[in-house]
Amino acid sequence: MARNPILALAFVAPALLFLAAILAWPLVSAFLLSLQNVRGVGTSGTWVGFENYRFILTSGAFWDSAGLSLVWVLANAALQTLLALAAALILHQKFPGVRIARTWIILTWIVPTVVVVMIWRWLFSTSGGMINPLMMQAGITDRPVGFFATPESAFATLVFINSWRWFPFIALMMLAGLTRIPSELYEAARIDGAGPVRRFTRITWPLLAPTLTVLLIIGTLLSFNVFDIIWLMTQGGPAGGTRTLPVLIYETAFRSYRMSEAATIAVLSTLLLMTFAIVATRSLARSGDER
Amino acid sequence: MKRTLGWNLALAAGLGFFVALVGLPFWWVVSGSFKLPREIIARVPTMFPQSFTWQHYDKLLSSSDYGTYLVNSLFVSGLSAVLTLLLAIPAGYAFFRLEFRGRETWYRVILLAYAFPSIVVLIPLFTMFAKAGLVDTRLALIIVNVAFALPFAIWMLRSFFGSIPREIEEAARLDGGPPLTVLRRIMIPLTAPGIAAVAIFAFVTSWTEYVFASVMILSDAKRTIPVGFSGIIGQYQVDWGLLLAGASLAILPVVIVFALIGRWFVTGLTEGAVK
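Each protein sequence line maps, in turn, to chains A and B.
The letter at position 261 of the first sequence is residue 733 when you use this note's numbering, and the numbering goes up by one with no holes.
The letter at position 172 of the second sequence is residue 162 when you use this note's numbering, and the numbering goes up by one with no holes.
Hints listed in this document are in silico derivations from the structure and should not be mistaken for laboratory results.
Check each hint, because a few of them may be wrong.
[To be verified] Label-pair ranges, simulated between beta-carbon atoms:
#: 1; chain 1: A; residue 1: PRO668; chain 2: B; residue 2: SER53; range: 26 to 34 Å
#: 2; chain 1: B; residue 1: THR58; chain 2: A; residue 2: ALA558; range: 37 to 45 Å
#: 3; chain 1: B; residue 1: LEU14; chain 2: A; residue 2: ASP536; range: 44 to 52 Å
#: 4; chain 1: B; residue 1: VAL9; chain 2: A; residue 2: THR673; range: 21 to 29 Å
#: 5; chain 1: B; residue 1: LEU14; chain 2: A; residue 2: GLY517; range: 46 to 54 Å
#: 6; chain 1: B; residue 1: GLU94; chain 2: A; residue 2: GLY618; range: 31 to 39 Å
#: 7; chain 1: A; residue 1: PRO668; chain 2: B; residue 2: PRO179; range: 32 to 40 Å
#: 8; chain 1: B; residue 1: ALA120; chain 2: A; residue 2: THR685; range: 39 to 47 Å
#: 9; chain 1: A; residue 1: ILE612; chain 2: B; residue 2: LEU(-5); range: 30 to 38 Å
#: 10; chain 1: B; residue 1: PRO27; chain 2: A; residue 2: ILE612; range: 23 to 31 Å
#: 11; chain 1: A; residue 1: ASP614; chain 2: B; residue 2: LYS49; range: 44 to 52 Å
#: 12; chain 1: A; residue 1: THR685; chain 2: B; residue 2: PRO179; range: 30 to 38 Å
#: 13; chain 1: B; residue 1: LEU76; chain 2: A; residue 2: PRO668; range: 56 to 64 Å
#: 14; chain 1: B; residue 1: LEU(-1); chain 2: A; residue 2: ILE612; range: 35 to 43 Å
[Unchecked claim] From chain B, some residues computed to sit far from chain A (all C-beta separations above 10 Å):
#: 15; residue: PRO15
#: 16; residue: ILE31
#: 17; residue: PRO80
#: 18; residue: TRP96
#: 19; residue: SER220
#: 20; residue: VAL245
[As the list claims (entries may be wrong)] Some chain B residues close to chain A (C-beta under 7 Å, calculated; not the full set):
#: 21; residue: GLY4
#: 22; residue: VAL19
#: 23; residue: VAL20
#: 24; residue: VAL110
#: 25; residue: PRO114
#: 26; residue: TRP254
#: 27; residue: LEU259
Beta carbons are placed, not taken as given, at the ideal position from N, Cα and C, and that holds for glycine.
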């Protein structure tokens, strides 16, 4: 293959420079901000070294949020992967209307998050709404359930809403992985007399596993970063029960006007995520080599 | 493919579950937007509307600039999708085919773009845009949206290019085509479904974006649908009829777009390249 560094540069440089200017440089500025004591947007501060880091790492609020973020990521990964896998396996079958189902399952993802939040706030509402009256009719409960009343229930409800929004997208990515499995393998297995369960455990699962791992990593990064759904629904409440790290960053910056502290939390979150991403992709690459 | 009856029933049950999970909320919202207020707040909810009214839509359209929001959203999302493709196609091709120093390293660095909370760059970016005079312009939103769609777009396109049989590309190159011609004449047409999927991905990312749009845009005339709609929510807290009408109108444009090109998104994601 011909080496053509100038052409390669011309192809890659625009995208790289763009990302450098809009994502990488602000990231560096955030780091510089974390070494100062700036309070409001646009005001100036003095250099304080790693003073902010010492303060944040010894504050309870940061560790509370980090813990919540961890649970948030795990719960979303579990729920959305499970829903997505089930949906993908169904959409991989042949049945009348499968094309329509494949197209419209994505509806939850193409609707603005603001609308998603409004829809579920209404559906879960204690006055009006649909879920509470239906549950009362079915005799599950005799008075309206306040889904956002306690920290735990608000958190669980948000996990459901976020996974509801994201699982169809992940399901389609899994479906892409499923369609890459050669159908001859299934034919051969059928001729050998393998039932649906065996076909799943011996063919589908092992061949889908690499795709699942990649999606699990992407899904983890995406759900860690979810901010709008949480903020619009609960603003981190009640009693800080849904204040994950992105919510804490926003609150610190735009509610308490402590820019440098917000930047510090942001840098720490980034370090956390980058470590996860690098370790995860490393182990992924290694398991790919073994194959 | 032959299936047993029990297998078919299980499939139907699973399908029914997902149709309800995705479809019911939307049905309740759209049908609710035509109900009279007293039916919306009735103690016993109705699955099918017993009343019919346009009053929520009348009130919504006369009290807000929905048309302006819609045009802004279409403008921002459309241009974001085009710009994403312009940057991602050459980059995706280069990462897939061209040899240069540090190719794999740069490729991984790009994917790290999703490894930090996007809220992190909000503060510095706002300062940067303020200096450049970009605050309160739709261009600012386009720039941000492209930046967030780009890494994933490059990643998808690289794998789509990779699914084209090597012989086709070799043949084109042996015929003496320079890489740019090979890309334009062979690779792009062959990956058309994948490119469409990437364009839709970029469009939707931008269409649903709320946080940056709410911070960067100050004047009402430049608001996108998410920001405009959140203003309406704040103003009419519990006027559910009005909010349901607003939600329905915010859903409508993407539903129309998806009715026209939605199957390309799925085909593109699952197949990537014409085989």
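Broken hints, by number: 1, 3, 6, 11, 13, 14, 15, 16, 17, 18, 19, 20, 23, 26
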